[in-house]
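Protein chains in written order, with my numbering: chain A, 15 to 626; chain B, 15 to 626.
Be aware that one or more of the hints could be misleading.
All copies of an identical chain are treated as equivalent in the list; a pair is satisfied when it fits inside any one copy or across any two copies.
Heads up, simulated SDA-like pairs for lysine to any residue below, C-alpha to C-alpha not over 25 Å straight-line [said to hold, decoys possible]:
(1) Lys480 - Phe493
(2) Lys146 - Leu182
(3) Lys608 - Tyr546
(4) Lys254 - Glu23
(5) Lys481 - Glu471
(6) Lys480 - Ala422
(7) Lys470 - Pro443
Everything labelled a hint here was simulated from the structure, so no lab data went into it. None of the values given here were measured: they were computed from a predicted structure.
2 protein chains.
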Amino acid sequence: MVISAGFREVGAEGLKLENQLVANCGKYGMRMIGPNCFGIVNTDPEYSLNCTFGKTRALQGRVGFISQSGALGEAIMNQAHVLGLGFSMVASIGNKADVSANDILEFWKDDPNTDIVLLYLENFGNPRRFTKIAREISLTKPIVAVKAGRTTQGAAAGSSHTGALAELDVGVDALFDQCGVLRVSSVEELFDVGAALSKQPIPKGNRVAIVSNAGGPALLATDALVSLGMDVAPYAGQTKARLKRTLSGQGNVNNPLDLVAGAGGEHFRKALKVVKNDPNFDSIVTIFVPPVTINQMDVAQSILDGVKGTNKMILACFMGAGEGSAAVDYLKQSGIPVYIFPEAIAKALSLIDSYRRWLQRPRTKFKTFSVNKKRVQEIIDTAIGSRCTALVGEAALAVLDAYGIPVARCRIAYSEKEAVAAADKIGYPVVVKVNSPEILHKTESGAVLVDLRTAKEVKGAFANLKKKVIKIPRKKDRFSVMVQEMVTGGIETVMGMTTDPSFGPLIMFGLGGIYVEILKDVAFRINPLTVYNVEEMIGNLKSFPLLTGFRGTEPVDMPTLKESLLRLSQLVADFDQLSEIDINPFIAQSEKGKSKAVDARIIMHHPTGNRR
Amino acid sequence: MVISAGFREVGAEGLKLENQLVANCGKYGMRMIGPNCFGIVNTDPEYSLNCTFGKTRALQGRVGFISQSGALGEAIMNQAHVLGLGFSMVASIGNKADVSANDILEFWKDDPNTDIVLLYLENFGNPRRFTKIAREISLTKPIVAVKAGRTTQGAAAGSSHTGALAELDVGVDALFDQCGVLRVSSVEELFDVGAALSKQPIPKGNRVAIVSNAGGPALLATDALVSLGMDVAPYAGQTKARLKRTLSGQGNVNNPLDLVAGAGGEHFRKALKVVKNDPNFDSIVTIFVPPVTINQMDVAQSILDGVKGTNKMILACFMGAGEGSAAVDYLKQSGIPVYIFPEAIAKALSLIDSYRRWLQRPRTKFKTFSVNKKRVQEIIDTAIGSRCTALVGEAALAVLDAYGIPVARCRIAYSEKEAVAAADKIGYPVVVKVNSPEILHKTESGAVLVDLRTAKEVKGAFANLKKKVIKIPRKKDRFSVMVQEMVTGGIETVMGMTTDPSFGPLIMFGLGGIYVEILKDVAFRINPLTVYNVEEMIGNLKSFPLLTGFRGTEPVDMPTLKESLLRLSQLVADFDQLSEIDINPFIAQSEKGKSKAVDARIIMHHPTGNRR
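Chain A with its partners taken away, still in its complex shape (with noise of 0.2 Å):
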């Protein structure tokens, strides 16, 4: 465990003294934690291990957390204080020269006291060993996380702070997504959800039951609630009557139930016995705010009571009680989590039922199809061959037609004549591109003629494209053009691949135009991508109901536009090599067998090196 700093994070002096602490280590078959770290804690009284530099003590609890931050850690065990949590473990980590975040995470899947995992990280080793056990944690132990430079100024000071290169921040989110990480945006999040998470049960839906002895802040939950996707349900059969009977003198019983004025003990106790047993409810939020007449205490012994035996999730929220209220201490150490504010109740409630979701989602296989793959590798050596990274037009639609997915027809031609039989051999109308990679984007130079319906047409773009293209400089190659089948209607989409440094490929996918370049409504996911994955994908969009049918349109063909995208993942995944995929568009249409990726962009690795 080596606290000291002076190690990789000072520069090339320290990163050699760095392997050698790490080559001496190794010697003596030892592991290191460290160096540049906070140190780390074991709850567990056999051991009864603190390792840090910090001055606060632990409490023993079943939350296991990671820091990449070493002041963090400090900062987060004595807020962890003040807020009852307790951890198994805790762990800074520091510049990982031997043990890693995977590291203790691996050791925490079988660990029988860590059952909750929170991390704080800046930037992630091995992403991919991360996501495979991130997966398998996930299964039985929530996985929250601080994730920080999400934004791109965030990110580049993470990255002068740490020296790693900055991930894409929709990589992170695909990749938490994708293994049920829950992500948080800040520390005090963190706390919130682990709290919830580490004493009670996992909520089997979203309906939420609020009780409270005052009106305002159970309006503020129940905004917050359901801003956030929960659902502040209505009570089912006999509850409102059994309420109206057991608090003789309430007015109204609806949820939220805002208990009479003056509310004590003795109507928490009667109202959530009522509720607990409730089936519209996964989880009941209690709010009290202490007026001066009320004895506090009693109130939370009156929660206790009320919602024994319950396996719904409760969480009090005491407003204004005051630093220090015993109350609110005995509450905690009762196992039920107290906030200050109903809006942190619902951030937590909302990201767990997020995770419930997550649990409950059908764990569909990766599909592999029938394909050509001696095709594409042949295209991509031919390319490499005459050092040339970047395939278009025909080369690129090629590429995905060996692969299945259905491209409109194209042809190559050098000449009028050649021009016309490719457009005799495709059917009219057509449209004549001129075929070069370095115009590539074609509508804007006017290098593109469409709707063309005769043979005299087609000559005619010809001779007209031939003489716009002269004049553009340093044109080696022969002139020629792509008659391509020509596609009307249907909606444009846009499919790609990108690849991230640390997460490999992600497959984007969403709807062209404005959609991509001014809403930015698209979706990321890491490859490869399950049929689940790519059901969300679409789904998620916001514009996903053009695709449905939108004022009377026919829906989209869907089941191939979802095989196109595995169809693409499966492509990534074959092929290193590629660095880049641009399909755009892909015009899906409804009837069946007319999709068809109209234009496509490949950019390769440079083949000397540098494949990241």
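Given the coordinates of chain A, assemble chain B onto it according to the supplied hints.
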């Protein structure tokens, strides 16, 4: 000051008692606060008044606080005490039988002891008066508000809780935006912003310097600030060199500044003395995570020394300092708000920045145009005379036309001959629609024929539509069609008006089709609109880039679009009878004089009362 409950909030009997109470007060020339409230506090030493039943003593300060919830009043007093937030006055207004929030606001406008106003509201008694007062106060004293009932479920709970009608939440947003009221979504944020505003000057811009002894929290602060629109800007000119010189041994010096491990007070003092003079920043966030080896009080004192004399806003984060830290208390007492987590600072700064931008808005006038008010009055009178409350087609367009909103030319025709004559007059191509208020959603029922290029086609269209409509039962009027100029190309926009029960008319603008229906990318403002309101409504849409020319298309004729909205605003202001207007589509074209409303629908309040 009547604290007792049992009045209006319990029903008719209570309302009677409340009215008697008010009448009795009036008889003796008294004003009354309450009933059913938490009480009032005035910390001015000359009065030193505490008329609440809470046990917490309010600290003296410059914040005026109004709570519509008595329970929240108690919670807030308590929490404010913990945070060291001082009040000039606190008022829980309860049922507002006599004195309202507006009355208190009006008093604070000129109250020398109150510099900031915090509000917790559940509904508006008289939103038009609130608007007027809030607009005036905001010019010199910031107003920060939590308005419960953001969500439909929250609003419903609020209605049952207060007995008031729910306002449209878009109306609340518009109201606050137009009055410069900062809307926060939780009481916690209310405090966070209140603390910053009450102790520190308003920054002149959005550029933030971060000085931290810990990398992780500095990263989190950067993420939070940037994602909320703040700028963690680079250092100006000599700052880097000066920092390197003054902090010998420090490696990287960048914003966020991560002081060397083990940095103590001396480092903070030196760094802040340099950073506070950097003209690139408007505010400074200092973050301190207390390691066991460093004296917290020394750091607190050094921060105070370091920032002395600056007019930048200074906020501090002491993460994990623990409860009751003397250093934190000392900083708070010395005028520097201290937060536990950096995200709270980011939220507060970004809200305060939106207030600065509001203060800097151009104070544009309400424009009025020369219009044909008489013509509109005639149309309305005719409609009401025939007990018709919805104007569609020609009549609705005629109303817009009378107010100078450009509309597609149209004529009604009762025969094939008249239809052809109309088309000849308008000019081909034309559109022919069934002219019937009963068939409102025309396109979907196939009652529109477009792009008719000859007299023959128009004739055919008339016959064709007549045949269709005869099948629709209960058609009593003589069959007629509307022949309309065909508007092609351009961008579909939607303009409209809806009436909120409390705020009155709201004007709406958005792009048509999917942008309104699926992406909800629309803007609302409370009528009347200033020129600035209109610019903001258009400019803040996510789909705004479509109007300014996207992918090489021409920008639309913006002056006509803006003027049309202002003319709509004038129409709405002139005629109380109008309850809803839906101009859909208003086609925006790039060519001057071509943008036009193609269809409209105007709903009037029912003439026999019930005019909300």
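At most 25 Å between CA atoms: does that hold for Lys146 and Leu182 within a copy, between copies, both, or neither?
Classified as within; 19 Å inside a copy, 47 Å across copies.
As a check of your reading, is Lys608 near Tyr546 (CA-CA no more than 25 Å) within one copy, between copies, both or neither?
For Lys608 and Tyr546, only the intra-copy Cα distance (24 Å) is at most 25 Å; the inter-copy one is 48 Å.
At most 25 Å between C-alpha atoms: does Lys470 with Pro443 qualify within a copy, between copies, both, or neither?
This pair counts as within: shortest intra-copy Cα distance 12 Å, inter-copy 30 Å.
When Cα atoms must be at most 25 Å apart, do Lys254 and Glu23 count as within-copy, between-copy, both, or neither?
between (63 Å within a copy, 20 Å between copies)
Within, between, both or neither, where Lys481 and Glu471 count as close if Cα-Cα is 25 Å or less:
within (15 Å within a copy, 42 Å between copies)
Regarding Lys480 and Ala422, is the shortest C-alpha distance of 25 Å or less found within a copy, between copies, in both, or in neither?
within (23 Å within a copy, 43 Å between copies)
Pop the pair Lys480 and Phe493 into one bin, within, between, both or neither, using alpha-carbon distances up to 25 Å.
So Lys480 and Phe493 pass the 25 Å test inside one copy only (7 Å; across, 58 Å).
Of the numbered hints stated above, none is contradicted by the structure.
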